[in-house]
Each structure stands twice: as C-alpha cells, then as structure tokens.
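A.B. asks: Read off the chains here:
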Amino acid sequence: MTATRDGLLSDSLLEMDGVSVDFPVKRAYPFSKKRWIQAVTDVSLRISQGETFGIVGESGCGKSTLANAMIGMVRPTGGTVCFQGDDLYALKAKAFKESRRDMQMIFQDPFSSLNPRFTVYDIIREPLYIRGGATEAEMKAKVLELLRLVGLDEEDLHRNPSDFSGGQRQRIGIARAIILNPKFLVCDEPVSGLDVSVHAQIMNLLMEIQKTRNLTYVFISHNLAVVKNVCQNVLVMYLGKVMEAGASDALFANPQHPYTKALLSAVLDVTVQGAHDRVLLKGDTPSPIDPPKGCRFWQRCPFAMEGCETIPAELTEVEHGHHVACHLVSGFTPEQKTAGLDRPVAQQPMDEATSIAA
Amino acid sequence: MTDTVLEVRNLKVAFPAPGGVIRAVEGIDLTTSKGECVALVGESGCGKSVTALSIMKLLRTPPSVSRIDKLQLDGRDLTGLTERDMEHVRGKDMAMIFQDAMTALNPVMTVGKQIDEVYRRHVKLGRKEARKRSVRALELVGVPEARSRADSYPHELSGGMRQRVLIALAFACMPKLIIADEPTTSLDVTIQAQVLDVLRSMQKDHDVSALLITHDLSVVANMADTVYVMYSGKIVERAAALELFTAPRHPYTQGLLASVPKLSDDKQAFVQIPDTVPHPMHKPEGCYFHPRCSHTTDRCRQHMPRLETLEKDRQIRCWHPLHQERAT
Numbered sequence: 001m002t003a004t005r006d007g008l009l010s011d012s013l014l015e016m017d018g019v020s021v022d023f024p025v026k027r028a029y030p031f032s033k034k035r036w037i038q039a040v041t042d043v044s045l046r047i048s049q050g051e052t053f054g055i056v057g058e059s060g061c062g063k064s065t066l067a068n069a070m071i072g073m074v075r076p077t078g079g080t081v082c083f084q085g086d087d088l089y090a091l092k093a094k095a096f097k098e099s100r101r102d103m104q105m106i107f108q109d110p111f112s113s114l115n116p117r118f119t120v121y122d123i124i125r126e127p128l129y130i131r132g133g134a135t136e137a138e139m140k141a142k143v144l145e146l147l148r149l150v151g152l153d154e155e156d157l158h159r160n161p162s163d164f165s166g167g168q169r170q171r172i173g174i175a176r177a178i179i180l181n182p183k184f185l186v187c188d189e190p191v192s193g194l195d196v197s198v199h200a201q202i203m204n205l206l207m208e209i210q211k212t213r214n215l216t217y218v219f220i221s222h223n224l225a226v227v228k229n230v231c232q233n234v235l236v237m238y239l240g241k242v243m244e245a246g247a248s249d250a251l252f253a254n255p256q257h258p259y260t261k262a263l264l265s266a267v268l269d270v271t272v273q274g275a276h277d278r279v280l281l282k283g284d285t286p287s288p289i290d291p292p293k294g295c296r297f298w299q300r301c302p303f304a305m306e307g308c309e310t311i312p313a314e315l316t317e318v319e320h321g322h323h324v325a326c327h328l329v330s331g332f333t334p335e336q337k338t339a340g341l342d343r344p345v346a347q348q349p350m351d352e353a354t355s356i357a358a
Numbered sequence: 001m002t003d004t005v006l007e008v009r010n011l012k013v014a015f016p017a018p019g020g021v022i023r024a025v026e027g028i029d030l031t032t033s034k035g036e037c038v039a040l041v042g043e044s045g046c047g048k049s050v051t052a053l054s055i056m057k058l059l060r061t062p063p064s065v066s067r068i069d070k071l072q073l074d075g076r077d078l079t080g081l082t083e084r085d086m087e088h089v090r091g092k093d094m095a096m097i098f099q100d101a102m103t104a105l106n107p108v109m110t111v112g113k114q115i116d117e118v119y120r121r122h123v124k125l126g127r128k129e130a131r132k133r134s135v136r137a138l139e140l141v142g143v144p145e146a147r148s149r150a151d152s153y154p155h156e157l158s159g160g161m162r163q164r165v166l167i168a169l170a171f172a173c174m175p176k177l178i179i180a181d182e183p184t185t186s187l188d189v190t191i192q193a194q195v196l197d198v199l200r201s202m203q204k205d206h207d208v209s210a211l212l213i214t215h216d217l218s219v220v221a222n223m224a225d226t227v228y229v230m231y232s233g234k235i236v237e238r239a240a241a242l243e244l245f246t247a248p249r250h251p252y253t254q255g256l257l258a259s260v261p262k263l264s265d266d267k268q269a270f271v272q273i274p275d276t277v278p279h280p281m282h283k284p285e286g287c288y289f290h291p292r293c294s295h296t297t298d299r300c301r302q303h304m305p306r307l308e309t310l311e312k313d314r315q316i317r318c319w320h321p322l323h324q325e326r327a328t
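Quick note, the sequences are listed as chains A and B, same order. Everything in the first sequence is counted per this note's numbering, starting at 1 for the first residue and increasing by one. Everything in the second sequence is counted per this note's numbering, starting at 1 for the first residue and increasing by one.
Be aware that one or more of the hints could be misleading.
Said to hold, decoys possible - So, partial list: chain A residues that the calculated Cβ filter (under 8 Å) puts toward chain B:
1. 149
2. 151
3. 229
4. 280
Hint data in this document are derived by calculation from the structure and do not stem from the laboratory. Ideal placement from N, C-alpha and C gives every residue a C-beta, glycine not left out.
Kindly generate the complete structure, drawing on both the sequences and the hints.
C.D. replies: Okay, structure coming up:
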C-alpha cells in the first residue's frame, strides 16, 4: 500500500481506511452498561485530486461525522485517515496544524456559523490572523480580493453578519473557507438553508471557485439532484454504513441498493405526476445506538430476507468501481440458503397500521 | 369544483418598523374550492406565512396592521368575528399544520391529550369518547400502535411521527379548510414522501380544501391543483398546477422552475436568477421583480403591472408575459 501510494495512487488526496467513529452515550445509572452511538462504521473511501465527492444520506446517517473525521475535527475510534499521504491522526501537533490549513469547511447554517459580533472583515480575516505572518495591509488586501470574488462589495466590509441575507452570509462563509488557499473543501449542505432562487447562485459560485483554484470538494447533501449534477463519485450512507458507492454516472444510472432506489424515488421532481410510481419506505430511521446487527437497513427494506437481520452485508463490486452492500446483490452461500436465510421476511406489524389508513 | 370554501379579497398586512413600514402583503386575492389543494409558493420573506396567519386571524394587531375587504369561509364572513368567536372556528372549521412540530406541540402534554382537547372542546365529547376518537385519528394518519403512542410525549416521537400527529390534530374535526405552512420542510426526503402521501390522501379522501404554503416547487408539483406564485407581497402568477409547470408565463416563475435541479439534468452549471429578493422596506419602483428580470423595459421600471386575467384560472402580473411556447 505504501509503495503504491506515490506511484499508482498519486492523484489521491484523501484516503479513509476502515474508519469508525463511536460516541459514548451518557449512562443513565452509574453502573449501567456503557452504550455507544455508532455514528460511522467501517467506511473506506478515496478522494482524488480535483474531484467533487458526494456523500448522501438522511439526517443522522453519519455523513457530517464522517466529514468531520476527514478534516481532523473528530478523532476516529478506528481506522486511518490519510491526507496527502500522511496519516492525519498520527501527525505531531505542528504538522497536524499545517495539514489542517489545507482543508476547510463550509457549514450548513449561515446564521450560526458566523460570529454575530464580528464584522465581515474580522470573519474573513480570522484564518489569516490565526496563521500569522501577514501584515495588516496584506490581510486587508487579501480579504478585499476574496470579498469581490464571492460577489460582495468593499462597503460590506465593516458590517455585521446580521445585515446580510442567507445567501450573502453563505458567500462570506465561502470567502473565509478559501482565504488560506486550501486544497480540500468540505461543503456540508451548503445550500439547504437558502432560498430556491439563491441555491443556483451559490452552487455556481462554488463550482467556479473549484475550477479556478483547482479545489477538491466533498459535497454533503440530501438533495440527490444536486449531487448528481456536481459530483463525480458518490457515497450513499445509512445509519453510519456505506450502502452503495461508485461513480456518480454509474450509480444514478443503475442504482442497486434498495435504499438508494428509495432515496431516488423519494426525490420529488418538478413535473406534475402523481405519487403512484414511488417506492415509499416504511417507518423511520432507527437509532444509531445499538444499531441492527445484520444489514442496517433491513427493518425498512421492502425486500428484506431472513438472513438480513443477522448477517451484515459486505460491500461487493457490481461493476468497475461501483460497490453495493446488499444481500440481494451478493447473495447468500448455499449453506445459508438451505438454512432458509433467503426467505423473504414475513410482513411487519408496521403494515397493519398503514392498511387501516388506506 | 365550483363551491368556494375560502375567499380572500384584497388582503393587506403591514408592520411598522424602525425607519419605515414593512408592507408584507400588498393586496392578495385567494380562492379555494372544496377538495382542492391550492399552493402559495414563494421565497422567504415574500409574505406567504403572513397571509396564512392572517387568514387564521392569528396575527397580533398591533404590531401588525391589516386590512381585508372580504374573508369568507364556506359562505360565512369572518372579518367581523371577535377573538372568542374565532376560537370556535379555528380547529373546527379551519385548522393549521405548522412547519416545526416540536414547537407546535405542547412538550409537557401527551399527544393523545392534545388531540383529545380538540374533540372535547369542539365536539363536546367526554374524556373516554374523545380518546377513542383521538386514537382513530392517529391511526388514520398511519401512526403505528396508535393506542400506546397516544400516551407518548412529543419528544418521544420521531420527526415524521410528530408531523403525522400535527396532521391528525388538524384533521381531527374534519375542517373545511386546512392550511399547511411548510409541512415537510424540516423532514428527511424519505419521511417527506411518507408525510406528503398521508396529507394528500387525507385531503382528497375527505374532500377538504387545503392551502399549502411552501417554497418547495417539487412539493407543489406533487400536491397542488392550483398554484399562486408570490413575490415581495404580491401575487405574480396564478395557474393550474399542470399549466404552471409546463408553461410558466411570468419570468420569475420560469426562473424558479429552471433553478430547481432535476434528476434528469446532466449539465454542470445551474440556472440562476441574478441578485436577491428586495428588502421589504426598500422595494423598487415599478415591478418588484424588474431588477432581477431579463425582460425589463422602461415600463417595468416605472409602473407596477396589474394582475391580469389571461384566460380562465390564469392570472399574471407582468408587462411582458412569456409566450406559451414551451410544451414539455
């Protein structure tokens, strides 16, 4: 692996290998069993230089935790994160800080991610200031340059975030994220808090910045249409595990996992057509505390089989670079089949309630 | 669908603010019919929620100042009603589904009890009878094990379940009009699909008229029969949903539709509307949309166009309506 890193995989910027992040749950009683939220379990991925990598999933699926683990904000409980060939969490404090400079983040909520008592200038300058080594005049010139780049005026410099609309605040957040010329930018739902007509503006700005500055993006979203339009590679997560991963084109053209299919059909398109052909998932996302032993999706899966409950589905390659973790794809071994593990699961109690409603 | 349920004529709402007046709603006409789902679409700050609250008469005056020529629910005039009279109308004849179920529900009361309250107050049922009806209402919206769930507190339920409880609450007395203010905005996509499904089947099965307030055009496309598009406190376009989505006539509507990314798209650049919504205190002269519009002429800069009726059910406020050429 180390030998090939410089040769074959030279274009990869970030690699994660078997990363897991568990958070301890506060105990209800002093001697009760210690429980863990398994926010991210055994995720491996590789992000190449200059690409846009999409992470898709519902809230609570661990996509933000995964992103935080990527940029050194959450120490994984297992696995390694390699950024530019260095194991990020094995680095000494100084080197770690330097690596961190190359990775920045754009947050979802443009209201809570900007300090309300700071002026725009303070906010955008902050990373430069912390890094040090620049005079006030240099910093000011740099801030102004970026302010114009993201489409704001010089006169906005001494205003507070409260004077700006959501879209403008997100522009400030973008300026702050790119002021240190990072190589790697994590966009955590950058447009979901904004108005529809502003979505496109911010997305186009992000894409333009990526092109001119040769940035690598990780784009986290629950909006599949946006992900499909901007990402080259996509990772679909559910309850902390990878359900399906692959090149965006292949994955959207040929989704294999029932969860991906359900997600896709849950996207409402702006065309007038009834809901009749949609696959509706039953129930809610279960709690990531003590998640199901087998496939994490089995409780909500319309195609669940007996074995899905106990045997975890491994990621299997269905076509080049396209991996799916589902027993429908990988199948069961003959022994498991004779044990009846491939029988469809009997109707769940959930159906009774819905049939009353119907 | 001729029997009108809700009729609003010339609704105006303004808020005094330091340094001026915010005219949130500037003369809106709205009509809904029995069994019809009418959507009011617009971006944040366009006045859609204020419209909803005014119809429910839930806006505090002061601070707000409002004027309305006509507010009729099922033939009954609501304009002159006192607050006490309104209490008998709200929840019984018209009900509202709020966006954030966590704040709309009482956190220290079980959800069953909150639904019981509706029956006890409006139908004057006893404790036991009310609970029976509440459980049925919960079953109707697809809450599993409704009997035991009725004893849960809101925080014990998931987001989707809470939203279902709100729907059950709103439909408890089978009102004539349901106002849903961004009913699914805070939910995940798969849950949103479930909740919309419940909402639509409840509304259609019971022939209730609905006013759906949202910024999400894809929700509109899947729910609404008629759509009103709002911009800066004014209606800019009104059309049947199918027509609006296939052939928008107002440049703003067209821009909104184009800026929604679609799964079927392949292009990299997103279609964008330049600039942002004008500040409610400093609205531009003439047509409010003209600074962002690509068809602007001098006329647009000077005069606000009237809401013209083009054909049946089709109204538009624009000097240069787009031609009906696009037929997808």
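A.B. asks: So which hints don't hold here, by number, going up?
C.D. replies: 1 and 2
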